[in-house]
Structures are given as structure tokens and as C-alpha cells.
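Trainee: Use these hints to put chain B onto chain A, whose structure you have.
Residue-level listing of the chains:
There are 2 protein chains.
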Amino acid sequence: MRESNKGLLVVISGPSGVGKGSIINVLRERRSNIKLSVSATTRSPRPGEVDGVHYFFIDEPTFQSMIDRDEFLEYMHVFNTHFYGTPRSFVVEEMEAGNDVVLDIDVQGAMKVKDSFPDAVLIFIAPPSLSELKERLIGRGTETAEQVERRFNTAFEEMKLAGKYDYVVVNDILDIAVNKVENIIGAEKSRISRNCALISELSGGSEK
Amino acid sequence: MRESNKGLLVVISGPSGVGKGSIINVLRERRSNIKLSVSATTRSPRPGEVDGVHYFFIDEPTFQSMIDRDEFLEYMHVFNTHFYGTPRSFVVEEMEAGNDVVLDIDVQGAMKVKDSFPDAVLIFIAPPSLSELKERLIGRGTETAEQVERRFNTAFEEMKLAGKYDYVVVNDILDIAVNKVENIIGAEKSRISRNCALISELSGGSEK
Numbered sequence: 141m142r143e144s145n146k147g148l149l150v151v152i153s154g155p156s157g158v159g160k161g162s163i164i165n166v167l168r169e170r171r172s173n174i175k176l177s178v179s180a181t182t183r184s185p186r187p188g189e190v191d192g193v194h195y196f197f198i199d200e201p202t203f204q205s206m207i208d209r210d211e212f213l214e215y216m217h218v219f220n221t222h223f224y225g226t227p228r229s230f231v232v233e234e235m236e237a238g239n240d241v242v243l244d245i246d247v248q249g250a251m252k253v254k255d256s257f258p259d260a261v262l263i264f265i266a267p268p269s270l271s272e273l274k275e276r277l278i279g280r281g282t283e284t285a286e287q288v289e290r291r292f293n294t295a296f297e298e299m300k301l302a303g304k305y306d307y308v309v310v311n312d313i314l315d316i317a318v319n320k321v322e323n324i325i326g327a328e329k330s331r332i333s334r335n336c337a338l339i340s341e342l343s344g345g346s347e348k
Numbered sequence: 141m142r143e144s145n146k147g148l149l150v151v152i153s154g155p156s157g158v159g160k161g162s163i164i165n166v167l168r169e170r171r172s173n174i175k176l177s178v179s180a181t182t183r184s185p186r187p188g189e190v191d192g193v194h195y196f197f198i199d200e201p202t203f204q205s206m207i208d209r210d211e212f213l214e215y216m217h218v219f220n221t222h223f224y225g226t227p228r229s230f231v232v233e234e235m236e237a238g239n240d241v242v243l244d245i246d247v248q249g250a251m252k253v254k255d256s257f258p259d260a261v262l263i264f265i266a267p268p269s270l271s272e273l274k275e276r277l278i279g280r281g282t283e284t285a286e287q288v289e290r291r292f293n294t295a296f297e298e299m300k301l302a303g304k305y306d307y308v309v310v311n312d313i314l315d316i317a318v319n320k321v322e323n324i325i326g327a328e329k330s331r332i333s334r335n336c337a338l339i340s341e342l343s344g345g346s347e348k
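Protein chains in written order, with the numbering used here: chain A, 141 to 348; chain B, 141 to 348.
Next up, chain A with everything else stripped away, as it sits in the complex:
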């Protein structure tokens, strides 16, 4: 008799530039039973992007038929151009195999996942401050001033939804932020609601 061995569904969101990707990479290096869900998209691969690693690149009719068969945990149509979605099968199979699955999705997607999987654990990664976030966006040097401003405004809108998450982790020092995410994943496995069989066995007294 042990605590639950079923995997967790962990949703990680946060504004561009906050360092979600770095946190998830370190987390996966530390824990081999954490699997990153790969999203499907209808947009074309950018240089260096590998099908099945960064995204599943599929055409729009294929995406549409997956929608029709309810094969996405969540999906969205961005700027009326491309579709992005989280294929359901990978998530369900890994969780049943006892692996924890991480979804790196935006706040709207996170809310949809919470609706269909109330057991999902939602973690919002926050910058140490809004000014620090702006500096990080500028510091990446990959975007124009206008793009930085747009990303910053989007980030600001997203943070208004942070209160709907279960946890907030400030990414100031990467290792500390990863420790906190690991604590959360560990603690959630001890939650009463995930250990009904254990409680029932101890209090039902089949061994008494």
C-alpha cells in the first residue's frame, strides 16, 4: 500500500521571457519521469525546429479532423492564422504509465485544461518584477522594440489571470525556481484527494 503512483498533469504558463523553457529543461534533466507534451501546429517549421520534438507539424485538414474526433485536450486558433493544440493521447498514455506530463501552454489553454482535467496542477511562472521582465525581453535581442512592447503588453494581460492558477513560482534564480516546481510536484502526490485508495484501506479496515 503506497501513495498514488498515477502521473500528474502539470500545466506551466507564464509570460514570454520569464524562462519557462529553461525551468522545464532543467526539470527534465533532473527527473526522467517527467514528459513534455509536444503540441501540434499548422504553421511551418522555423529553421532548426524538428517535427515531433518542437512540434508536430500537420496540415490544416488533419488538424481539423483531430478536432472533430475530440483528439485535443485544448487547442486554439492564433491571430486567425495558425492552429495550435495539445494531443490528448500522449498525455493520457504517459499519465497512466505513471509519468508526470508537463504542458507548456498559455493562460487560455491552461483554463481549458483545468476545465476538462480538474486534477491538473497549474503553475504560473512569474518574473521578479514587471521591469525585470521588460529587460529580459529587450535583452534577448531577437525582437524589434515594437515586438517587445507587444509581448510585454500580452504578458501584462496574462498575469491578470495568474490568480486562477494553483501555484505561483517567481523565476529569479533558475535552480531555486526548479526546486520549487519539484516541491509542488512532490507535494501534490501526497494530497488527500489523490490518495483515496490509501485512505480507504487504512480506515476501511480490511486488515483489521
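Source of the hints: derived by calculation from the structure; they are not laboratory data. Do not rely on the hints blindly, as some may be mistaken.
Because identical chains cannot be distinguished in the list, a pair is counted as satisfied if it fits within a single copy or across any two copies.
[Claimed, not checked] Straight-line Cα separation of at most 30 Å, DSSO-like style, residue types lysine-lysine; simulated pairs:
| id | residue 1 | residue 2 |
| --- | --- | --- |
| 1 | Lys300 | Lys252 |
| 2 | Lys274 | Lys146 |
| 3 | Lys254 | Lys175 |
| 4 | Lys146 | Lys254 |
| 5 | Lys146 | Lys175 |
| 6 | Lys252 | Lys175 |
| 7 | Lys252 | Lys304 |
| 8 | Lys274 | Lys252 |
| 9 | Lys304 | Lys274 |
| 10 | Lys175 | Lys300 |
| 11 | Lys304 | Lys146 |
| 12 | Lys254 | Lys304 |
| 13 | Lys300 | Lys274 |
| 14 | Lys254 | Lys274 |
These numbers were taken from a predicted model, which means no experiment stands behind them.
Mentor: Below, chain B alone, put in the same frame as chain A:
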């Protein structure tokens, strides 16, 4: 701007023989900011028990006047003989100083604490199995068969209330159980409900 620095109130319960004391001792060795609340009692000290360390030994009129002044977080009258209670002032002062306070109390006390401190984190320490618990109680060799049976029956009744706790940790291997309690304490500090000021600052945009 950081996550909340206010201390947590952590209630640890579990049946006799489950190893609560060992878990709490290791936890305190690892983390100096964890303080164990010392209960007050009207019973006499047993050999080796030190006033202010194991209990505050006080007489019944003193205990009664503390009840009258609402100076207990919870208290109980055991078997119509002795009083036991958790002095409120120690708990409140340590939490405000940023320390986490652990209460080692029974399930009835835990429920009272949860009523008056809804933010308290309730952890139930469970044995690997009921038969293992019975063996541990017998193995202590400090009690008669009748006492073991009574303790076991009490344990069984207590475990029926485990479902009212926030977390359950099985104490099979001590170090692993302590790790789990540490994860829980760490994770709880990242809970959204404990970080309202942070969320408000990030989404209220005083820096924008």
C-alpha cells in the same frame, strides 16, 4: 518582490507508533526555521520530561484562566482527567517572525485548528499498513497487550478522519517521509492563496 515570507502553521497528526516524533525531529534538524509548538498540560511530568521542552507543566487553575482569556489555539480534556492545549501566543509570534510552526496534535485538535486557522496545512502520517502499525506498537515493548489493543483501536478511529487532512504521508522509510513533508511545506509557500500581494503587484501594474 518575492513569494510570501510569512511562516506556515503545519499540523502533523497520526496514530501512536506511526513515527510522528521521528519525522518532526529529523525535520527540525534539517530546517532551523521550523519551530515545534510546546503544549501545556495539567498532568505531572514523567521521568525525563523537562518543563518548557516536552510540555509546559501548569496547574489546573492556571490552565482554566488561560482558557478564559482565549489563550489556546485548541485544548482538550483527556479522559476527564488532564487538560492539554496549544498556547496561541508562541504560534502567532513565530509565524509572524517567518518561522514555520509544527503542531503535533491529535485529529480532534487538528480539526479545531483548521476551524480557527483555515490557512493551516494538515498532514496525516499513515503507517504502511494496519498490520505494520500493530507490529510497531507491540515492538515498542513499553505497553501491555491490553494497552496495545487500545492504542490500535484509537489509531483505527483516528484514521477514519484522515480524509479531512490536506495531505497524507506514509511513514515507511523515515528519510523519504521527511522529504515528503519538506516538499509539502515548500509547495504550500508557492500556493496562489498565500501570494496575493505578489499577484496583485504583477497584475495591478504599479510598475507599468
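Trainee: Please go over all the hints and tell whether each is borne out by the structure.
Mentor: We went through each hint and held it up to the structure:
1. Lys300 - Lys252: within (16 Å within a copy, 35 Å between copies)
2. Lys274 - Lys146: Close across copies (29 Å), not inside one copy (39 Å); limit 30 Å.
3. Lys254 - Lys175: within (19 Å within a copy, 36 Å between copies)
4. Lys146 - Lys254: both (18 Å within a copy, 29 Å between copies)
5. Lys146 - Lys175: within (13 Å within a copy, 34 Å between copies)
6. Lys252 - Lys175: within (20 Å within a copy, 41 Å between copies)
7. Lys252 - Lys304: Both: 12 Å inside a chain and 29 Å across chains, each within 30 Å.
8. Lys274 - Lys252: within (28 Å within a copy, 47 Å between copies)
9. Lys304 - Lys274: Answer is within: at 23 Å inside a copy they meet the 30 Å cutoff, but 44 Å across does not.
10. Lys175 - Lys300: within (28 Å within a copy, 36 Å between copies)
11. Lys304 - Lys146: Both ways: Lys304 and Lys146 sit 24 Å apart in one copy and 22 Å across, limit 30 Å.
12. Lys254 - Lys304: Both ways: Lys254 and Lys304 sit 10 Å apart in one copy and 23 Å across, limit 30 Å.
13. Lys300 - Lys274: within (17 Å within a copy, 52 Å between copies)
14. Lys254 - Lys274: This pair counts as within: shortest intra-copy Cα distance 29 Å, inter-copy 41 Å.
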